[in-house]
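Let's have the full structure, built from the sequences with the hints guiding it.
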Amino acid sequence: MKKDDLVILNIEDMSTEGEGIGKVDGFALFVKDAVQGDVVHAKVLKLRKNYGYARLMEVLEPSPLRVEPRCPHARRCGGCQLQAMSYEAQLDFKADKVWNNLRRIGGLTELERPQIMGMEDPWRYRNKAQFPFGTDREGRIVTGFYAARSHTIIPCTECLIGVEENRPILEKILSHMEKYSIPAYDEQSGEGLLRHVLIRKGFATGELMVCLILNGRRFPAMGEMVASLCELPGMTSISVNVNMQNTNVIMGSETILVWGQAYITDTIGDIRYQISPRSFYQVNPLQTEKLYRTALEFADLKGNETVWDLYCGIGTISLFLAQKAGQVYGVEVVPEAIADARRNVALNGIGNVEFFVGKAEEVLPEKYEREGIHADVIVVDPPRKGCDEAALETMAKMQPERIVCVSCDSATLARDVKRLGELGYEVRRVRACDMFPQGVAVETVALLTKSGEA
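Be aware that the sequence shown starts at 21, since it is given in the working numbering, and climbs by one per residue.
By construction, these hints were calculated from the structure, which means they are not laboratory data. Hints should not be assumed to be uniformly reliable.
Said to hold, decoys possible - In silico DSS-like links for lysine-lysine, alpha-carbon gap of 25 Å or less:
| no. | residue 1 | residue 2 |
| --- | --- | --- |
| 1 | Lys470 | Lys387 |
| 2 | Lys379 | Lys405 |
| 3 | Lys470 | Lys438 |
Small disclaimer: the values here were computed from a predicted structure and weren't measured.
In structure tokens:
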């Protein structure tokens with residue numbers, strides 16, 4: 021077999037990234053957009069020693085799991101890897117992904133397949149979107165999403181997993197740029213002005229935020245741009261973020277409020293949150309409430325516990341826990357997020373939460389070893405890379421009754437619970453939550469208690 025060969029494949033399995041897997045004489049080929057159970061015609065693109073990649077050319081026999089994607093850009097866009105699968109099949113795929121990672125990486129060979137919490141309507145759920153801006157081959161300014169494994173922009177102002185308000189906001193910005201000949205940023209040359217547009221919506225409040233990420237500090241005719249955006253119901257916050265670095269990181273460190281408030285407000289359950297442009301806030305509010313209620317259920321708080329919430333962001337989980345705990349301490353490395361968290365405490369009139377700025381692996385040992393602050397329960401919701409080794413070791417030294425791990429990557433979760441197992445803790449319960457329908461990511465909540473305890 022060589023590059024550009026045409027092959028017929030029975031798609032027998034799916035990779036963790038949503039690619040179909042078929043074999044030719046035992047040699048595995050990964051095929052984007054193929055679904056388990058398909059028979060496909062594919063073109064070989066790249067060959068490695070033990071596997072290769074192929075492009076889907078034609079579905080010869082569709083899988084019973086296959087559906088017609090709703091979005092016309094589904095195949096080209098890098099965002100919705102599973103849109104050609106029925107939603108029921110997506111949930112099975114994700115539950116299996118969590119289960120396999122915990123067994124294979126975490127060594128939890130006796131673990132039962134976890135339940136997964138899905139959505140009734142798995143569309144229009146994202147409360148946040150970041151749209152890159154660029155120029156097409158004809159010199160027209162475009163926005164949309166990057167094609168899979170590239171920085172080529174697919175022109176698109178209508179994303180079916182995003183809110184309907186995205187489209188009119190983007191159209192107003194594109195029209196303004198054309199009127200005033202405002203150049204989009206070019207990654208190759210480092211020239212041009214508008215890099216990305218961040219849009220957020222508070223689902224409970226209807227409040228809208230627009231943040232223009234600029235390769236500079238000033239957007240021409242900004243007053244007219246503001247007036248145009250304010251024609252849209254719910255517009256609450258308009259700002260500029262300055263990013264003049266030659267980097268793939270979307271946002272810079274400086275945000276300048278142009279109009280309205282510096283934040284929008286949303287609610288999860290009974291708790292209100294103020295969210296600024298750079299704050300981490302879960303993108304699917306309906307599923308977030310299910311996720312946090314699961315974390316609260318696993319924490320099993322009686323009312324007098326001391327709880328640590330590591331990687332706490334703007335305090336979303338912290339405030340949920342505070343409703344049932346004696347005292348909650350939150351730790352987060354992003355100062356703006358902690359500023360939001362403290363405002364959220366005041367906003368909700370909650371008095372039993374304290375926040376610290378810093379890395380969890382530095383703050384936790386300091387507060388425990390030097391100040392003697394203990395923990396009855398520890399909740400962690402780390403970034404995709406998982407928990408730092410020092411944080412895991414300190415968590416175990418603090419000897420909490422329960423550790424609740426919330427994770428957006430079940431592979432790093434499996435690694436972390438395996439290490440906690442070596443430190444004397446055992447996984448008792450696991451539940452998955454589909455925060456990202458149509459995509460491959462899945463959130464997981466795991467409860468650990470001291471080994472040997474029921």
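Consistency of the hints with the structure:
| no. | hint | in the structure |
| --- | --- | --- |
| 1 | Lys470 x Lys387 | holds, 22 Å |
| 2 | Lys379 x Lys405 | holds, 14 Å |
| 3 | Lys470 x Lys438 | holds, 13 Å |
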